[in-house]
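Using the sequences plus the hints, can you model the full thing?
Keeping their order, the protein sequence lines are chains A, B, C and D.
Following our numbering, the numbering of the first sequence begins with 2 at its first residue and continues without gaps.
Following our numbering, the numbering of the second sequence begins with 2 at its first residue and continues without gaps.
Following our numbering, the numbering of the third sequence begins with 2 at its first residue and continues without gaps.
Following our numbering, the numbering of the fourth sequence begins with 2 at its first residue and continues without gaps.
It should be emphasised that the hints constitute simulated quantities derived from the structure, not laboratory data.
Mixed in with the good hints, there may be bad ones.
Chain copies aren't distinguished; within one or between two, either way the pair holds.
[Stated by the list, open to error] List time: in silico SDA-like cross-link candidates among lysine to any residue, alpha-carbon distance up to 20 Å:
#1 6 with 132
#2 187 with 122
#3 187 with 8
#4 118 with 7
#5 151 with 134
#6 33 with 156
#7 166 with 116
#8 6 with 130
#9 146 with 135
#10 149 with 230
Number of protein chains: 4
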Amino acid sequence: MANSKYEYVKKFEMDDKLPACNWIIVRIDGHKFHQCLYRKPRHNKYKLFQFAICFLRSFIWKETSQLYDRRASKILSLSVSYFTSLYVIKWKDFFPHKGLKETPCFDGRIVLYPRAKIVRDYLSWRQVDCHINNQYNTCFWMLVKSGKTKKEAQERLKGTLAKDKNELLFQQFGINYDKLPDIFKKGSCVYKDTVEETLKPDNGGNPVKRQRQRVTVGHFNIIDDRFWDEQPNILREN
Amino acid sequence: MANSKYEYVKKFEMDDKLPACNWIIVRIDGHKFHQCLYRKPRHNKYKLFQFAICFLRSFIWKETSQLYDRRASKILSLSVSYFTSLYVIKWKDFFPHKGLKETPCFDGRIVLYPRAKIVRDYLSWRQVDCHINNQYNTCFWMLVKSGKTKKEAQERLKGTLAKDKNELLFQQFGINYDKLPDIFKKGSCVYKDTVEETLKPDNGGNPVKRQRQRVTVGHFNIIDDRFWDEQPNILREN
Amino acid sequence: MANSKYEYVKKFEMDDKLPACNWIIVRIDGHKFHQCLYRKPRHNKYKLFQFAICFLRSFIWKETSQLYDRRASKILSLSVSYFTSLYVIKWKDFFPHKGLKETPCFDGRIVLYPRAKIVRDYLSWRQVDCHINNQYNTCFWMLVKSGKTKKEAQERLKGTLAKDKNELLFQQFGINYDKLPDIFKKGSCVYKDTVEETLKPDNGGNPVKRQRQRVTVGHFNIIDDRFWDEQPNILREN
Amino acid sequence: MANSKYEYVKKFEMDDKLPACNWIIVRIDGHKFHQCLYRKPRHNKYKLFQFAICFLRSFIWKETSQLYDRRASKILSLSVSYFTSLYVIKWKDFFPHKGLKETPCFDGRIVLYPRAKIVRDYLSWRQVDCHINNQYNTCFWMLVKSGKTKKEAQERLKGTLAKDKNELLFQQFGINYDKLPDIFKKGSCVYKDTVEETLKPDNGGNPVKRQRQRVTVGHFNIIDDRFWDEQPNILREN
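Structural data, given as C-alpha cells:
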C-alpha cells in the first residue's frame, strides 16, 4: 500500500490508558474567556455526575468506567470539544441580541481519584470555591455599579472576610446574600436519578408502579452529608 | 482560608510537561461527525505549521516551543477547543442556509517527534492518506449519484488500485482526476513566510525594501523535496 | 561555574512521582537466574509488608507512604539494588562450599493499587502462583531424580490437575504434599507486629506491660480471611 | 485455572515503553554508599557506550535500540541489578583483605535524549563534574591527611576556584594536579571499536587482513572534538 513507507510515524503514538479503578474527573475552565452562560447543563448518558459553575465544569465518571477504553486523550479532547461546541451553538438561544465578542475557548485537564471519599472532597472544594468567588464578585460589581472604579472596588475588598462582605452587601446595598439564587451561590449539579412513577391502574384497579431514570439538575449543598445520604448511588464504590 | 481543608485534592493533579526538544503535533479528527467545511484554515501566531484536510487537522509546533510551558493537557485541550469553537462560529458564513445537523465534536491527540525528518514523514503520511481517501470518495459519490446504492458502490470499488479508480472516473464520468482542485487532492498547508516588499522610494529616489511576515495558505505537494527546499525555515532544527 | 554550559541536559529528566493515595508494590523476579536462596527475608523499616518466594519478592508500601517523595525511579532502583546486594553478600553464609555459578540479576517493576482490597487480591494471586509452581516443580524433580529425562517428566505432567499431581507424589514417591514445609508451599511473609511484653513487676509487685514492635516472619495462608482478621493493621486504609 | 479469580490484578501493570528514536541513558549513583572501586568497567554486548567515575555510571544505548522492547522498568532495574551484583562479587578481588563495611546500594534513573548532540553534551557535563569533584576531593583529603579536621578542610576550600585548588596542591603538598592519573581526572569510557588485524599471509604470500570488534577502555577527553572525530560511529544517528 502506497502509505506504508510513512506509516512508521504511527509508532510514536504513546499508550495513554488511565489506570483502572480510579474515578475520572475532567475539569474544564474558560481560557481568557469571560462571557458566562448560566444555562441548565446538558446531561450526557456516559457521565455519572456533573458540577457546573458558569463555564467551569467538572465531569465525573465512575472508577469502573470503560469510556473510550479509558484513553486519556480521547476522554479529555472529546469532553472539551463537546462542551465548546454546545456552548457556541446554544449561545444565541440565551442571548439572541448579543453576539459572542470573543471566540470561546476552554482548557481542560484530567484528574484521577482512587477513592470516592476524595471525589466528594473534590466537589466540596469546587463548591466552596464557587461560594467564595460569587460573594467576592457580587460585592465587586455592586461597588462598581455604585460609581467606584474597578481599582477602588478591589482595594475596598482587600482583606475582607466572608462576614465583612455579607455586611457590606447588606449595609450598603440592602442585599441579603443568603437570599441570592442558589445557582450562583452553589453551582449546579446534574446526575441521573431513579424515581418511582405511578402509572394508570391495571384492569383490576391496582396502581401500577414503574422505576424510571430521570436527569436531575439542582443547586444542592454538596458539602454537607445530607445530599449524599439521599443519593448513595452516585459515589458508591464497586 | 475556608477552602484549605479540601485543597489536598489538588495534589492529585499530575505533572504532564512534554519532554524538551521534541516537535509537537496535535492531530484533530471529527468524532462521529461528517459535515465538512472546506474553508481556508485560520492561522494562529503560536503555531509553526498546519496541515488541513476537511476536519482533519495537524497543528505543529517547533521542538523548542515553550507554549503553555509544554503542558500536554493545556496544549491538547486548547487546540481542540479553539478549533471546535471556530468551526461552529464560521459554519453559518459558509452555509447560511444549511444548519448544523449534528453537534460538531472533535477528538485530538498529541504526538511527539524527536527529529524534523520524522515530522516531514508524518506530513507525507497525512498527504498520501488525503489523496487515497479523496480518490476513493470521489469514485464512491459519483457512483452513488449515478444511481448505485452505497453498498453497490462499495462493492464496485473493492480491491481497485489507484489507476483503476482514475480509469473508472474517466471512462464512466468523464472526470480527469488530475484536474480536480488541489484543495481536495492535496489538502491545505498554512504557515508563515518572510517576503520582501518594495516600498515607495526614499528621498533620493532609491527603492526601499522591507522584510515582512505573511501567512501563506496553499495546496502544495509536501511529499517531494521541492516545497521543503523552498521553505527551509519551517523544519529547521535548532 | 564551568559546568553551566552543559547543565541544560538536566531538564530532560522527567518528573516520575507516583500518584498519591495508591498502595505501592515493587515486584522483583530473577532474570535468567535460577539459583534459589531460601533464607529468612530481611526486614526493612520502611516497608510495610513483604511476600517472598525464593527470588520472587513483592515489597509493599502503604498508600500514604512518602518514601523518596514517591519518585518511581528511586523506589524501583533502590529496591532492586538493595535486594541484589544482600543476595550476593549472603550467598556464602548459606552455601559456603558452593559458589555462584551466574551473576545474580533481578528485574523489577512498580505496580500501584488504589485499594487495600486489591492489594490483598494481589497477594492471593502470588500465593496461588507459589503453590502451583511448587507442586509442579516437586513432581518434576522427583520424576527426574527417579530416572526420567526432563522432557519425559514434562510430558508426564502435561494436563495434570492439582489432585493428579498429589496422587502422583503419593503413589510413586510416597510423598504427602500437604506435609511438605510451608515455606515452599506458601512462601514467606514479613511484617511488623505489635506485641505486649510483660516486664519485671514494679516496686508494688504489679506486673509491668509494654507494647513492642517485632518483625514477624511466617509462612501463613494469606488467601483466607483468618490471617487478615488477626492482622487488621497491615492493610488498613487511611 | 485456579488463579484466574485474582489475575485481574495484572491489569494494573501499566505500559512503560520508552518513545522511539531517543537515546537511552541509565545513570547510576551510589546511595548512602562511599566505598569506591576503581576497576576497569565491564563491557556488555548490548550497551553502546559507558562512562564511569567510581560508582557513578552512565550506560548509553543507541536511539534505535530495541533492548527489552524499550520497557523502562526492565532497562532500569536490570541495569542497576547487574551493576550491583558485579560490584559485590568483584569487591574481594580488588580488596581481598578489606570487607564491605556497608551494603552497597545504588539508585538509577533513565533519561532520554532526542539527539546525539545532546548525548555528547550530557557526557561533557559528566566529565566536567568528574574533574570538579576529583579536584575538590584531592584537596580535601590532602588537607585532612596533613592534620586538619574535616570541617577545617571544608572551610579552607570554600569559595576557591580551580586555579586556587591547583595552587594549593602544588604549594602545600608538591602535587601537580595535571600529573594525576587520568582515571581520576577524566573517568573511564568503555565502548566497542573496529580494528584491522593483519593475519598470517595466505598461500601466495599476501598479507591477510581482518576487521575485528574490540572493547576499548580509556580515560579520554570526551569534551573536545578530537575523540568524537576519531570515533564517529558511536554517536552516529540513524
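How the hints compare with the structure:
Taking the shortest alpha-carbon separations for residue 6 and residue 132, only the inter-copy value of 15 Å comes in at or below 20 Å, while the best intra-copy value is 57 Å. Proximity of residue 187 to residue 122 under the C-alpha cut-off of 20 Å is restricted to the intra-copy arrangement: shortest distance 15 Å within a copy versus 41 Å between copies. When the C-alpha separation of residue 187 and residue 8 is checked against a cutoff of 20 Å, the pair qualifies only between copies, where the shortest distance is 18 Å, while the shortest distance within a copy is 51 Å. In the homo-oligomer, the alpha carbons of residue 118 and residue 7 lie at most 20 Å apart only across protomers (11 Å), although the nearest pairing inside one protomer, at 48 Å, exceeds that limit.
With identical chains, the CA atoms of residue 151 and residue 134 are at most 20 Å apart within one copy only, with a shortest distance of 16 Å there and 55 Å across copies. In this assembly of identical chains, residue 33 and residue 156 lie within 20 Å of each other by CA distance neither inside one copy nor across copies; the values are 23 Å within and 50 Å between. In this assembly of identical chains, residue 166 and residue 116 lie within 20 Å of each other by CA distance neither inside one copy nor across copies; the values are 36 Å within and 43 Å between. In the homo-oligomer, the alpha carbons of residue 6 and residue 130 lie at most 20 Å apart only across protomers (12 Å), although the nearest pairing inside one protomer, at 53 Å, exceeds that limit.
In the homo-oligomer, the alpha carbons of residue 146 and residue 135 lie at most 20 Å apart inside one protomer (16 Å), although the nearest pairing across protomers, at 57 Å, exceeds that limit. For the homomeric pair residue 149 and residue 230, neither the shortest alpha-carbon distance inside one copy (45 Å) nor that between copies (60 Å) is at most 20 Å.
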